[in-house]
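Colleague: So you can see what is in the structure, the chains are spelled out below.
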Amino acid sequence: MTDETTTAQPQQGSTDGEPAIRVVREWQEVWHRFAANRLALLGLVLVAALLVTAAFAPWIAPYDPLRQDLMHTIEPPSGAHLFGTDALGRDQLSRVVYGTRIAVIVGLVSILLTLIIGIALGAVAGYFGRFYDTVVMRGADIFFAFPLLIGAIIIITVTGRGIWPVVLSLAVFGWATVARLLRSSVLSAREMDYVHAARALGAGHLRVIVRHILPNSIAPVIIYGTFNVGTAVVAEASLSFLGVGVSPQVPEWGNMLAAGRGFIGVDDYMWMLPSLAVVLTTLGFIFVGDGVRDALDPKLR
Amino acid sequence: MGRYLLRRLGQMIVVLLGATLILFACLFVIPGDPVGSLAGSERARDPAVVKELREHYGLDKPLAVQYVTYIGHLVQGDMGEDYIQRRPVSEILGPKLVNTSKLAVAAIVFDVLIGAGVGALAALRRYSLWDTAVTLVTTVLVGFPTFVIGMLLLNLFAVQLKWVPVIGDASDPAQVILPAITLAIIDAALVARLMRGTMLEVLRADYVKTAIAKGVPRRQVLLKHVLRNSVIPVVTYIGISFGGLLGGAIITETIFNWDGVGMAMSTAIQQQNNPIVVGVATWGVGIFVVLNLVVDLMYAMLDPRIRLS
Amino acid sequence: MKLTKALQWTAVAAATALAVSACSSGSADKHPGSTVAKNGGTFRLGIVEPTAIDPYNTQESEGTLVTQNLFTGLTSVSADGKISNALAESRTPNDDCSQWTFKIKGGTTFSNGEPVDAAAFVRGWTRAAAKDAASDVAYHLGEIDGFKELNSGTAVTFRGLSAPDATTLVVKMAIPDCEFDVRTFHTVFSPVPQVAGAASNKAYNDQPIGNGPFKMEGPWQHNSKITLVRNDSYGLTKAHLDRIEISILNAANADQLEYQGFQAGQFDWARMPTEQLTAAKATYKAKGDWYEWDANGMNYLLPMDFNGPTKSKEAREAISYAIDRDAIAKGVFKGFRTSADSLVPPAFVDAYQKGVCASCVKQDKDKAKQLAAQAGLTPGTKLYFGYNTGGGHDPWVQAVAAQLGDVLGLDVHIDGIPFKQLLDKEKTPDATGIYRAAWGADYPTPGNFLNPLLATSSIDEDQTTHKVQGDNRGRYSNPAFDALLHQATGTKDLAARTKLYQQAEKIAIGDDLALIPLWNRSQQRVANNEKWANLTYDFSENPTLATASLK
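Residue numbers (our numbering), protein chains in the order written: chain A, 1 to 301; chain B, 1001 to 1309; chain C, 2001 to 2551.
Derived from the structure by calculation, the hints contain no laboratory data.
Every residue, glycine too, gets a C-beta built ideally from N, C-alpha and C.
Worth double-checking, as some hints may not be accurate.
Reference listing, derived: stretches of chain A covered by chain B, where coverage requires no fewer than 3 residues with Cβ under 8 Å from a Cβ of chain B [stated by the list, open to error]:
{"hint": "1", "region": "130–141"}
{"hint": "2", "region": "239–252"}
{"hint": "3", "region": "260–274"}
{"hint": "4", "region": "282–296"}
Below, a list of computed lysine-lysine pairs in the DSBU-like style, where the Cα atoms sit at most 30 Å apart [stated by the list, open to error]:
{"hint": "5", "chain 1": "C", "residue 1": "K2225", "chain 2": "B", "residue 2": "K1102"}
{"hint": "6", "chain 1": "B", "residue 1": "K1162", "chain 2": "C", "residue 2": "K2202"}
{"hint": "7", "chain 1": "C", "residue 1": "K2334", "chain 2": "C", "residue 2": "K2365"}
{"hint": "8", "chain 1": "B", "residue 1": "K1162", "chain 2": "C", "residue 2": "K2225"}
{"hint": "9", "chain 1": "C", "residue 1": "K2082", "chain 2": "C", "residue 2": "K2354"}
{"hint": "10", "chain 1": "C", "residue 1": "K2354", "chain 2": "B", "residue 2": "K1061"}
{"hint": "11", "chain 1": "C", "residue 1": "K2202", "chain 2": "B", "residue 2": "K1061"}
{"hint": "12", "chain 1": "C", "residue 1": "K2531", "chain 2": "C", "residue 2": "K2425"}
The shape of chain A in the complex, shown without the other chains:
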């Protein structure tokens, strides 16, 4: 729930009668401001490291993450295994390295999906208003009212465990916030002169939305998206922790944490490394999110 912290509330935005966030179109200027933020750069480095690790996992990981070695189980960190081995003698480091792939898939795809659903519905609601607005926003209210974890558990109970059910459930219970954010910015963008002008010149609804409204309304959504990649990664790990995440064979951080939690106070390396991976990933995206927000909306600094 990091989303609500700084971005404005929809109702708030509209009652204030002032656009929630001013859109800045000069991207160079945005990048300039972003680059001036050291924490944001650190975040970018963390995220870049994550992506690179995920892309080149086979070359980075010293071992096959699935290879078991029952003669060398639960071994503390050593030269052969920098981060020790797990209960099946698998190399912890290699599993963490491969775990970046799941984190990237779950984090990015679920947010992408969330954004697509949220933007589409939010734009429809804000642009067409009236009936569409009511239907979409009441729908959003319903999905918004589910605690993310509870909603996800229920979906996974139906679909069974796996990466895609997790991704799907995160999107299904995440789009409502995006739709709300987008709707409120669309509401104000809709009344801009250039939109009226475009309409008057005979542009179709889709063209108006895509070419004129979205570019001017999308900033808060982008901020939300960057912030919530980390949230998605943590939610995914939480589901694995509760035993409803991906299959235990899959090298994934939540699985490693769930498997390692029994070793707390005994063999702490078993859970510390995956914890660290989750924490660094989350922080990376939060820092980037912070930077993006500040860069897009200097007023909030």
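Could you slot chains B and C onto chain A? The hints should help.
Modeller: This is chains B and C only, laid out in the frame that chain A set:
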């Protein structure tokens, strides 16, 4: 005001109906026959008994009928009977809800006192060592998943230091501390950041500058203008974060064996005890919706500029 | 019937068991001293929420712990599986074992003052067997004449039971059984007072009034706690503890909570998560607080014998030969489990047949491949492997799957699902593949493994859904095996009976490999022996609370 309330109540009902419908639709397609396990999974059972049970739980009727029946009962406070203990769900969840509420209230108090307090102090002493420390700690904390924090605290304070008992006893007020901190700490960090941000903004606002210029005592300015105005987003945030709180409660209560609805949920999922799952989710959604209304009303009280319309 | 709730949840689950004492290393060195025990003390431990504590439906180890302290029946069984009289003074079968006569100790009472006489036993058994009770454990009474009628609702009395006088209970059998008395140790054979009413009496279900060494202090607080206090009017040797406080823990991490509670001094007895065993043993063995023994259970793979890739015995043998049990016992279980080579476990000293499962003894890759080829179990064959989540099974299941992949090239699909879904899956007529399973005997006889798990009558297919309703979910069926079992229960002489059971096991496991044994049931506990004397484990793997006392 009256019309606004009425409209909001109407919306609330729509949300509740929609949410329960989703739950029902999902649970209806779950593989496995709940009655099969209910009737004694390990033993030969008279098909007549199974049939009776199906009828007893209304599982023989179409989903739409089941749903309407459920809603009808729900309105009267009847959430059905669970599959394991065969007792009314509301009777099972009632005391657990009290326990979860204790936890949630403690967590919210922690959010407000520690979170907002720390944030306010940081804003007042901007760029001090304290401010830097707060920024650093809160920045890092939000990256920690609840279960990592919970397990760290449990291991440190209960197993190693033995300051508090490991097994949560919901009737002992002292024992709420660790689970409450676990549940609240991430939100508290966010609240602190939020509080610091808004307060810095408010401190720069014209009316505050004016008040100070007019010679109003600093203490009074802080209490009357700055705090009051800075706390609005915090209230909003806490209202919204309640859903996350309930999600976090599943993990926290499982780690600390806190006998609340979160633990009931995690157990019920394993047991396919659907009436409990639906019950907890319904409670969750209902409380969230009510709380949001309350937050909006409080909002109006705190900020007279906002009209309820 | 111990595919229990406990087994759903925890790796070191406890099922009612006749435990054989100290057959492995490290049983607590400090054994019961014989100084005069003093009264007092509160004993604290954690369990998971039982299904029931009212004897009519008590089933898993946790419920048994409570019920056995609230009720005393005809017989008791010692930790090493020896049966002895409790309230019975004698137990005598007639010549063909079609009728049993129990003489009952006179003059004892329930904690509310009602007499514990033969009628109280008739009352208790009838109550549990009645249709409306819908008891999961009433089938233990199934051999008694009149059970069918009572259980199906066509009768309201138990025809086979009679109480000619206050101290004589006569049981007529529908199915002659020369070891029926062994069964009476199960809690479903408890006597109940008149106040118990029918099994649907919820007030009594939650606060049973019994005749055991302890009684309830207030009703069962579901998912929270159960408190017992000493019953000073107990008819046999009285207990010493003042109170027993039982915390009910979240099933998902109960063993973790138990152990942490023990470490923090909150509990006096605890199980441990598998991960902590090595460290726990190092800490507590030296202090004399460590118990470790092989109990009477078995962990095995349940193959579908009637369907799919495991239909042929060669295929099952190939799978069995491909598994390196010792490597997993050592690597994954860190030596806290021992490889199995039989279905009837070594804990049954007299009945155990070492190596009866030839393919279990040692991994043999060549033999495995050869048998697989014979059976058409070619590389790439898909094999479903189901197991229940929340029981700590993830690691070894993955290890077995990897070995089957490495040795036989099978495409193993492991599937962790909730316990009840797993059972449902196993029961269906189109089930294929292998499933994690475990069994602990209810009473000390090999028949309690062979009969429910492998007898044709234990398939008990539902005529409409074609689902298995018994425990023989692999649908193994062999007339020769069934005949031997039948002969065994009709044999009075213990040694001869045991021989027959051994022959039966040779057929089902030795020849047909109907189930694939994996590991013996090993148990570990920590106990606070600095504080308590006369504290050890019983056959149900529970602490001996009736004898424990303050030091």
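Colleague: Would you check the hint for K2354 (chain C) and K1061 (chain B), treating anything up to 30 Å between C-alpha atoms as holding?
Modeller: The hint is violated at about 55 Å.
Colleague: Below or equal to 30 Å on CA atoms is what counts here, so check K2202 (chain C) against K1061 (chain B).
Modeller: 28 Å, holds
Colleague: Are there at least three residues in the region 239–252 of chain A whose beta carbon sits under 8 Å from a beta carbon of chain B?
Modeller: holds (count 4)
Colleague: Please count how many residues of the region 260–274 of chain A have a CB within 8 Å of a CB from chain B and say whether that reaches 3.
Modeller: holds (count 4)
Colleague: What's the verdict on K2531 (chain C) and K2425 (chain C), does the C-alpha distance respect the 30 Å limit or exceed it?
Modeller: 47 Å, violated
Colleague: Hint check: K2334 (chain C) vs K2365 (chain C), CA-CA at most 30 Å. Holds or violated?
Modeller: The given pair, whose Cα atoms are some 23 Å apart, holds under the 30 Å limit.
Colleague: Can the restraint linking K2225 (chain C) and K1102 (chain B) be considered satisfied, given a maximum Cα separation of 30 Å?
Modeller: At roughly 19 Å apart (the allowed maximum being 30 Å), K1102 (chain B) and K2225 (chain C) satisfy the hint.
Colleague: Has the region 130–141 of chain A got at least three residues whose CB is nearer than 8 Å to a CB belonging to chain B?
Modeller: It holds, with 3 qualifying residues against the three required.
Colleague: K1162 (chain B) and K2202 (chain C): Cα distance at most 30 Å?
Modeller: With a Cα-Cα distance of about 39 Å, the restraint between K1162 (chain B) and K2202 (chain C) is violated, given a limit of 30 Å.
Colleague: With a cut-off of 8 Å between beta carbons, are at least three residues of the region 282–296 of chain A near chain B?
Modeller: holds (count 4)
Colleague: Please verify whether K2082 (chain C) and K2354 (chain C) have alpha carbons no more than 30 Å apart.
Modeller: Satisfied, since the Cα-Cα distance of roughly 21 Å is no more than 30 Å.
Colleague: Run the distance test for K1162 (chain B) versus K2225 (chain C): straight-line Cα separation, threshold 30 Å.
Modeller: Status holds; Cα separation ~22 Å.
Checked against the numbered hints above, the structure violates hints 6, 10 and 12; every other hint is satisfied.
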